[in-house]
Amino acid sequence: MATLVKKLKTINKPKPESQLVNKWTPAFYMLPAMFVMLSMVLYPFGFGVWLSFTNMSLTKFFNPDFIWFRNYLRLFQDGVIFSTFLRTIIWTFTNVFFHVTIGLFLALLLNRKLPGKSILRVLLIIPWAVPQYISALTWRSMFNYVYGAINIALKMVGLNPINWLSDPTMTFIGAILANIWLGFPFMMMIALGGLQSIDKSLYEAADIDGATSLQKLKNITLPLLKPVMTPAIILGTVWTFNQINVIILIAGGFGNEKTQILVTEVYRLAFNFYRYGYAAAYSVVIFLMLLVFSLIYIRNTGIMKELD
Amino acid sequence: MSKKLSSHFERNDSPLKTVLIYLILLIFVFIAIYPLLNVLSVSLRPNDSLFLTTLEIVPDNWSLENYRKALFEKDLLLWIRNSLLISTLTALTGLSLSASAGYAFSRFRFFGKKTAMLLFLVTQMFPAPMLLLPMFIMLTKLGLINNFFGLLIPYTATAVPFTVWLMKGYFDTIPKSLEESAYIDGCNSFKAFYKVILPLATPALAISALFGFMSAWSEYIVAQIILRKSSMLTLPVGLVQLQMDFTAEWGVYSAAAIITTIPVVILFVALSKYLVGGLTLGGVKG
Numbered sequence: 001m002a003t004l005v006k007k008l009k010t011i012n013k014p015k016p017e018s019q020l021v022n023k024w025t026p027a028f029y030m031l032p033a034m035f036v037m038l039s040m041v042l043y044p045f046g047f048g049v050w051l052s053f054t055n056m057s058l059t060k061f062f063n064p065d066f067i068w069f070r071n072y073l074r075l076f077q078d079g080v081i082f083s084t085f086l087r088t089i090i091w092t093f094t095n096v097f098f099h100v101t102i103g104l105f106l107a108l109l110l111n112r113k114l115p116g117k118s119i120l121r122v123l124l125i126i127p128w129a130v131p132q133y134i135s136a137l138t139w140r141s142m143f144n145y146v147y148g149a150i151n152i153a154l155k156m157v158g159l160n161p162i163n164w165l166s167d168p169t170m171t172f173i174g175a176i177l178a179n180i181w182l183g184f185p186f187m188m189m190i191a192l193g194g195l196q197s198i199d200k201s202l203y204e205a206a207d208i209d210g211a212t213s214l215q216k217l218k219n220i221t222l223p224l225l226k227p228v229m230t231p232a233i234i235l236g237t238v239w240t241f242n243q244i245n246v247i248i249l250i251a252g253g254f255g256n257e258k259t260q261i262l263v264t265e266v267y268r269l270a271f272n273f274y275r276y277g278y279a280a281a282y283s284v285v286i287f288l289m290l291l292v293f294s295l296i297y298i299r300n301t302g303i304m305k306e307l308d
Numbered sequence: 001m002s003k004k005l006s007s008h009f010e011r012n013d014s015p016l017k018t019v020l021i022y023l024i025l026l027i028f029v030f031i032a033i034y035p036l037l038n039v040l041s042v043s044l045r046p047n048d049s050l051f052l053t054t055l056e057i058v059p060d061n062w063s064l065e066n067y068r069k070a071l072f073e074k075d076l077l078l079w080i081r082n083s084l085l086i087s088t089l090t091a092l093t094g095l096s097l098s099a100s101a102g103y104a105f106s107r108f109r110f111f112g113k114k115t116a117m118l119l120f121l122v123t124q125m126f127p128a129p130m131l132l133l134p135m136f137i138m139l140t141k142l143g144l145i146n147n148f149f150g151l152l153i154p155y156t157a158t159a160v161p162f163t164v165w166l167m168k169g170y171f172d173t174i175p176k177s178l179e180e181s182a183y184i185d186g187c188n189s190f191k192a193f194y195k196v197i198l199p200l201a202t203p204a205l206a207i208s209a210l211f212g213f214m215s216a217w218s219e220y221i222v223a224q225i226i227l228r229k230s231s232m233l234t235l236p237v238g239l240v241q242l243q244m245d246f247t248a249e250w251g252v253y254s255a256a257a258i259i260t261t262i263p264v265v266i267l268f269v270a271l272s273k274y275l276v277g278g279l280t281l282g283g284v285k286g
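Chains as they are written, first to last, in the numbering used here: chain L, 1 to 308; chain U, 1 to 286.
Source of the hints: derived by calculation from the structure; they are not laboratory data. Just so it is clear, the structure is predicted and the values come from calculations on it, not from any experiment. Glycine is no exception: its CB is placed at the ideal position from the N, C-alpha and C atoms. A couple of the hints might just be wrong.
[Unchecked claim] Simulated restraints, written as ranges between beta carbons of each label pair:
| # | chain 1 | residue 1 | chain 2 | residue 2 | range |
| --- | --- | --- | --- | --- | --- |
| 1 | L | Ser166 | U | Pro199 | 54 to 60 Å |
| 2 | L | Trp68 | U | Gln124 | 27 to 33 Å |
| 3 | U | Leu84 | L | Gly253 | 25 to 31 Å |
| 4 | L | Leu154 | U | Ser96 | 26 to 32 Å |
| 5 | L | Phe66 | U | Leu84 | 40 to 46 Å |
| 6 | U | Phe51 | L | Lys60 | 42 to 48 Å |
| 7 | L | Tyr145 | U | Asp60 | 47 to 53 Å |
| 8 | L | Tyr72 | U | Trp62 | 55 to 61 Å |
| 9 | U | Phe149 | L | Phe66 | 27 to 33 Å |
| 10 | U | Arg81 | L | Arg70 | 44 to 50 Å |
| 11 | U | Arg81 | L | Asp207 | 55 to 61 Å |
| 12 | L | Trp68 | U | Pro263 | 29 to 35 Å |
| 13 | U | Phe51 | L | Gly253 | 51 to 57 Å |
[As the list claims (entries may be wrong)] Once the Cα atoms are required to be at most 25 Å apart in a straight line, the calculated SDA-like pairs of lysine to any residue come out as:
| # | chain 1 | residue 1 | chain 2 | residue 2 |
| --- | --- | --- | --- | --- |
| 14 | L | Lys60 | U | Phe108 |
| 15 | U | Lys113 | L | Ile298 |
| 16 | L | Lys218 | U | Ser14 |
| 17 | U | Lys191 | L | Pro32 |
Please put together the full structure from these sequences, using the hints given.
This is how it looks when you write it as structure tokens:
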């Protein structure tokens, strides 16, 4: 009864919604998150750009000089960035290619009536579930020359053991192997989700028309998976491009120049050689590359239209 | 009998094809779990036979000695405590930030909304080292090196973009009429959000909190730069240090790695469905 009276009172004297929710209400909800994002993303970003025009280093930490474009000039004169860039392309392309093909292949196998497939699926996503640093360290120990499982297995089939960790090229190849292992379950899960949303009647209609399974794959499955896989592949490409844990940990610290990709090279320049200004210039160049890639992504997916 | 059996398989698959599919899947399962089995195997080896050159999983003379050492002679418990602390703080901070921001994105139209949402998305694409160096210098100048607070802010910032999108997606599914009736009952905006909407969003809140927790639990690079004091180390930094001392501590490291990994793997497998849902939502819907 009391609540009814209260309700009646409020109905008699209704507060218009505009009074309860004014133009400052969204700001009230947004401010905390925006503060963190701006202080941890936008401010460091601006600071990094400024840093790239200075010669800050460990000895010049508090009194860096403003040297304009000299870092950028030296970056391209040194020329190491070109081979590192090439290695990054190889790294990203190889990894994403195998992530997608293995993931798609396994998803196709799992997307059929198969007793026990849920257990198989759970076991197959384990590489994604293990913390990345532990996976990388585990692969590092498996690459050990004498006691590592991979060389032991190579010997058992009569092959020569490989110097995974002391030959920089082999370290790089090893890191690719480890990262392929790390990344295929993500693509598998995305593809599986996409496959399950495809209407079964399409396949039945194709069966009636006498289509082969290859034709069904090419004309039904792959085209319908494309909208699901494209964003995942783009995301995967950016993740792989930015992947820093695997190479750093498998190489065991800062490692050799010849195992680095762009992001690990920045990390090395900054935290091994303490060339802060130079490393900042390096990362601005990387950022510009990613920016171009992101703009293409945003344009192609029409993401801006969906943001309402 | 054969009719009943065949209903478990695809209609047109021959027995040979089914066997082949199982075989391929099992090979991949083996590849997927072998590295963990390898760690498990090393962790069970007693010290005198640590360096074996066989591939068997459970050694004949297995022992739990390495687990005892990891827990009671090394700093594993300290690292776990530190990691629990920082991960819980990250989860709670990230949760409150992303719930409120996600709510604003879901319910209001305001100036700069598109830009803000895009900002959250674009941060996912930033190369980490690009922000790492300025952040490190910034935190050094603020005196936040060797300080959990110095770790909390970057961790929250990395977890929040994903969880904001997740929360927005979930709030979108809750009808607006619920708040409207709350307004009529005399609630103000915050009270309606806090008392009516948040309780309904519990599943998404749980996923967001766990996501924040797990991302902090497994983070290595930032922690390695910010934490220098041995009493402050988190699990990843501590474990990497143990592993780098390969010859002496391989067994102990492996035991510690198993203790760290198993809970995370179980949690992850249980949540994977929602994580994929959130990711594809963020990807497909924009």
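_Distance restraint evaluation - Leu154/L, Ser96/U, Cβ atoms, bounds 26 to 32 Å_ = 52 Å, violated
*Does the Cβ pair Tyr145/L, Asp60/U satisfy 47 to 53 Å?*
With Cβ atoms ~25 Å apart, the hint is violated.
_For the hint 27 to 33 Å, verify it against the beta carbon of Trp68/L and that of Gln124/U._
32 Å, holds
*Hint check for Asp207/L and Arg81/U - Cβ pair distance inside 55 to 61 Å*: 60 Å, holds
*Hey, Lys191/U versus Pro32/L, does the alpha-carbon distance stay inside 25 Å?*
18 Å, holds
*Do Leu84/U and Gly253/L keep their Cβ atoms within the hinted range of 25 to 31 Å?*
27 Å, holds
*Holds or violated: are the alpha carbons of Lys60/L and Phe108/U at most 25 Å from each other?*
48 Å, violated
*Below or equal to 25 Å on CA atoms is what counts here, so check Lys113/U against Ile298/L.*
Cα-Cα ~17 Å, so holds.
_Phe149/U paired with Phe66/L, Cβ distance criterion 27 to 33 Å_ = The hinted range 27 to 33 Å holds for Phe149/U and Phe66/L, with Cβ atoms some 31 Å apart.
*Just tell me: holds or violated, for the beta carbon distance of Tyr72/L and Trp62/U against 55 to 61 Å?*
58 Å, holds
*With 44 to 50 Å as the target window, see if Arg81/U and Arg70/L comply at their CB atoms.*
Holds - the Cβ-Cβ distance for Arg81/U and Arg70/L, about 47 Å, lies within 44 to 50 Å.
*Cβ-Cβ distance between Phe66/L and Leu84/U: within 40 to 46 Å?*
Between Phe66/L and Leu84/U, where Cβ atoms are some 44 Å apart, the hint holds.
Hint violations for this structure: numbers 4, 7, 12, 13, 14, all remaining hints satisfied.
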